[in-house]
Amino acid sequence: MGAGHAHKLYVHGHSPVHALPPHTKLAATLAFVVVVVSTPREAMWAFALYAVLLAVVAHRARVPAGVLLRRLLIEVPFVAFAVLMPFVAEGERVDVLGLSLSVDGLWGAWNVLAKGTLGVAASVLLASTTGLRELLLGLQRLRLPPLLVQIASFMIRYGDVITDEMRRMRIARESRGFEASGVRHWGVLAKSAGALFIRSYERGERVHLAMVSRGYAGSMPVIDEVTASRAQWSYALALPFAALAVCLLGWTL
Amino acid sequence: MHVPDGFINAPVSAAAGVVAAGAVAVSLRGARRELDERTAPLAGLVAAFIFAVQMLNFPVAAGTSGHLLGGALAAILVGPFTGVLCVSVVLLMQGILFADGGLTALGVNVTDMAIVTTVVSYAVFRTLVKVLPRKRSSVTVASFAAALLSVPAAAVAFTLIYAVGGTTDIAISKVATAMVGVHVLIGVGEAVITALTVGAVIAVRPDLVYGARGLQQRLKLRVNGELVDAPAATAPAPARSSHRKVWITGLVTSLVLAGFVSFYASASPDGLEKVAKDKGIDAKAKAHASEDSPLAGYGVKDVSDARLSGGLAGVIGVGVTVVAGTGVFWAVRRRRPADTSPASVPEGV
Numbered sequence: 000m001g002a003g004h005a006h007k008l009y010v011h012g013h014s015p016v017h018a019l020p021p022h023t024k025l026a027a028t029l030a031f032v033v034v035v036v037s038t039p040r041e042a043m044w045a046f047a048l049y050a051v052l053l054a055v056v057a058h059r060a061r062v063p064a065g066v067l068l069r070r071l072l073i074e075v076p077f078v079a080f081a082v083l084m085p086f087v088a089e090g091e092r093v094d095v096l097g098l099s100l101s102v103d104g105l106w107g108a109w110n111v112l113a114k115g116t117l118g119v120a121a122s123v124l125l126a127s128t129t130g131l132r133e134l135l136l137g138l139q140r141l142r143l144p145p146l147l148v149q150i151a152s153f154m155i156r157y158g159d160v161i162t163d164e165m166r167r168m169r170i171a172r173e174s175r176g177f178e179a180s181g182v183r184h185w186g187v188l189a190k191s192a193g194a195l196f197i198r199s200y201e202r203g204e205r206v207h208l209a210m211v212s213r214g215y216a217g218s219m220p221v222i223d224e225v226t227a228s229r230a231q232w233s234y235a236l237a238l239p240f241a242a243l244a245v246c247l248l249g250w251t252l
Numbered sequence: 000m001h002v003p004d005g006f007i008n009a010p011v012s013a014a015a016g017v018v019a020a021g022a023v024a025v026s027l028r029g030a031r032r033e034l035d036e037r038t039a040p041l042a043g044l045v046a047a048f049i050f051a052v053q054m055l056n057f058p059v060a061a062g063t064s065g066h067l068l069g070g071a072l073a074a075i076l077v078g079p080f081t082g083v084l085c086v087s088v089v090l091l092m093q094g095i096l097f098a099d100g101g102l103t104a105l106g107v108n109v110t111d112m113a114i115v116t117t118v119v120s121y122a123v124f125r126t127l128v129k130v131l132p133r134k135r136s137s138v139t140v141a142s143f144a145a146a147l148l149s150v151p152a153a154a155v156a157f158t159l160i161y162a163v164g165g166t167t168d169i170a171i172s173k174v175a176t177a178m179v180g181v182h183v184l185i186g187v188g189e190a191v192i193t194a195l196t197v198g199a200v201i202a203v204r205p206d207l208v209y210g211a212r213g214l215q216q217r218l219k220l221r222v223n224g225e226l227v228d229a230p231a232a233t234a235p236a237p238a239r240s241s242h243r244k245v246w247i248t249g250l251v252t253s254l255v256l257a258g259f260v261s262f263y264a265s266a267s268p269d270g271l272e273k274v275a276k277d278k279g280i281d282a283k284a285k286a287h288a289s290e291d292s293p294l295a296g297y298g299v300k301d302v303s304d305a306r307l308s309g310g311l312a313g314v315i316g317v318g319v320t321v322v323a324g325t326g327v328f329w330a331v332r333r334r335r336p337a338d339t340s341p342a343s344v345p346e347g348v
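Which chain is which? The protein sequence lines are A and B, in order. Each residue of the first sequence is one higher than the one before, starting from 0 at the first, in numbering that gives the first Met the number 0. Each residue of the second sequence is one higher than the one before, starting from 0 at the first, in numbering that gives the first Met the number 0.
The following block holds chain A by itself, in its conformation from the complex (with noise of 0.2 Å):
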């Protein structure tokens, strides 16, 4: 199809971790995000150990610094939100250049910032290291049900050319002058919306035709079975348990 063999947030590589099977790589980034997420955010440290424990998986990977951080990006708009914490936020307050701001909401602030940043850049290790087939491969593995990966392996396959569709028909649009600069013209607007849906919904039922004609039967054959071996696992898995340690030194002291 028009979306090739790699995503364009995949940074393609030969390192230990993009070897790694998808499955324990999937179990590392969620096992590792919910260890940072129940974390006491009092325990700042913690908070920066994690930072570097992710950093020496980028090095690993060998995923370049500027790449990570371009990504990290997505998260400005909690950055906003999180900015405004100490504001609004109650309890008791403390003055810092002549603001008034709330201690808790201070700390809110410094939770939300500090694991939104790490659970973002985390998935961001886990996409620029792991390719869509392999990731859907590895949600299969980790027993998400088949319907559900199917859906979502067709909603990835078809997603760059639904969305090229539209690209074809804003050029068409505008190839005949249209210029949408207001309200008036959400009409147009959702007549391509319209006309984008009964394509896509064609596609799909022409999409299952070819599958019934290839001997389709409700679900896919499972030809490639990813398998971990013991060593895999636990080279995956030293990212959350060392995370884990951190965290419960950060609930004892």
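Don't read these hints as lab results, they were simulated from the structure. Every residue gets a Cβ at the ideal spot worked out from N, C-alpha and C, and that includes glycine. Treat each hint with caution, since some may be false.
Unchecked claim - Quick look at which bits of chain B chain A covers, simulated, 3 or more residues with Cβ under 8 Å:
1) 91-101
2) 122-132
Stated by the list, open to error - Pair ranges (Cβ atoms, derived):
3) SER174/A - ALA13/B: 48 to 54 Å
4) ARG204/B - ARG175/A: 21 to 27 Å
5) VAL17/B - TRP232/A: 21 to 27 Å
6) PRO15/A - ARG204/B: 17 to 23 Å
7) LEU218/B - LEU71/A: 57 to 63 Å
8) VAL181/B - PRO63/A: 33 to 39 Å
9) ARG204/B - VAL211/A: 45 to 51 Å
10) ARG175/A - VAL187/B: 27 to 33 Å
11) ARG221/B - LEU208/A: 56 to 62 Å
12) VAL17/B - SER233/A: 28 to 34 Å
13) ALA13/B - SER99/A: 31 to 37 Å
Unchecked claim - Derived coverage of chain A by chain B (criterion: at least 3 residues anywhere in the stretch with Cβ under 8 Å from a Cβ of chain B; other residues may be distant):
14) 106-117
15) 145-151
16) 155-164
17) 184-192
18) 198-204
With chain A's structure known, arrange chain B on it following the hints.
Frame of chain A, contents of chain B only:
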């Protein structure tokens, strides 16, 4: 509105994850009934459509623009179960691939943006379609209202989740005002775009709009100069019964939601009274101590207010939702084997 990691505490995130998983399981079964074995390709393509249409920018004025969220649109175009699935898959992929929304907050995000929007919008839509005259324009009106309500409903759901498991002590009334206020505006845009889009699809392929299936005219035969109803095909019968069930479910859900919200609204003065009675002196002393800060005046009042009313409303609300959700789950599961097995056999042949 994608919730990041660390915004909602771990137990509530886990609970939301369980709710989301249950709802997705129900939707998987329901979608098989809506689409039978075409589920995977069609739901996948519709998910791709939702994903793409979220990138279609609708200019508002002077450089600002908005985009569609798509929950209401999906529910009306392809049915509530498939709608929940499509939006959930979009959220899952956004979380894993684009780091948009935290992985631990996935349950919260799915509950909030996939389930609440879809269920509320479909309940409103179905009710209005039943009430309004059987015309195409009433489908457009109903989809407008459905999308209009679905976005603030998601904001209310988020506020409730925040009330139970928010990691920062912000007065719930403030969160609610900010969230609902902003999302009412977003809802207006969503409503206009959804109604226009549904209208555009109905104009071309009315048979594709799930919500408008009841509006199709019966096929008539002219026999000896008289119009006679053609023998009905086998397909509409299960579809109609399923509609009614979904309609009733939606109505019950919306009733629960309404009771929920009104309780929440009436609980605030209640909590305030109680606190004033119990801890009157305490609250006053605190108010005096920090009087120099500008927000302190109503801040302290709000703390007690938020703690009691928010917590209470949240806990009771979650209880009610869980009970209702389990009820729905049971109802759907009990009916399933009897319903599908005879219907799906002739389809497969």
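Hint check:
1. 91-101: With 9 residues in contact (Cβ-Cβ under 8 Å with chain A), the coverage given for the stretch 91-101 of chain B holds.
2. 122-132: violated (count 0)
3. SER174/A - ALA13/B: 48 to 54 Å: holds, 52 Å
4. ARG204/B - ARG175/A: 21 to 27 Å: Holds: the Cβ-Cβ distance is about 23 Å, inside 21 to 27 Å.
5. VAL17/B - TRP232/A: 21 to 27 Å: holds, 26 Å
6. PRO15/A - ARG204/B: 17 to 23 Å: Distance hint for PRO15/A, ARG204/B is violated at roughly 51 Å.
7. LEU218/B - LEU71/A: 57 to 63 Å: holds, 58 Å
8. VAL181/B - PRO63/A: 33 to 39 Å: Because 37 Å falls inside the window, the suggested range holds.
9. ARG204/B - VAL211/A: 45 to 51 Å: Since ARG204/B and VAL211/A have Cβ atoms about 22 Å apart, the given range 45 to 51 Å is violated.
10. ARG175/A - VAL187/B: 27 to 33 Å: holds, 29 Å
11. ARG221/B - LEU208/A: 56 to 62 Å: violated, 34 Å
12. VAL17/B - SER233/A: 28 to 34 Å: holds, 29 Å
13. ALA13/B - SER99/A: 31 to 37 Å: Since ALA13/B and SER99/A have Cβ atoms about 35 Å apart, the given range 31 to 37 Å holds.
14. 106-117: holds (count 9)
15. 145-151: Answer holds; 5 residues pass the 8 Å Cβ test.
16. 155-164: holds (count 8)
17. 184-192: With 8 residues close enough to chain B, the hint holds.
18. 198-204: holds (count 5)
This entry does not satisfy hints 2, 6, 9 and 11, going by the numbered hints stated previously.
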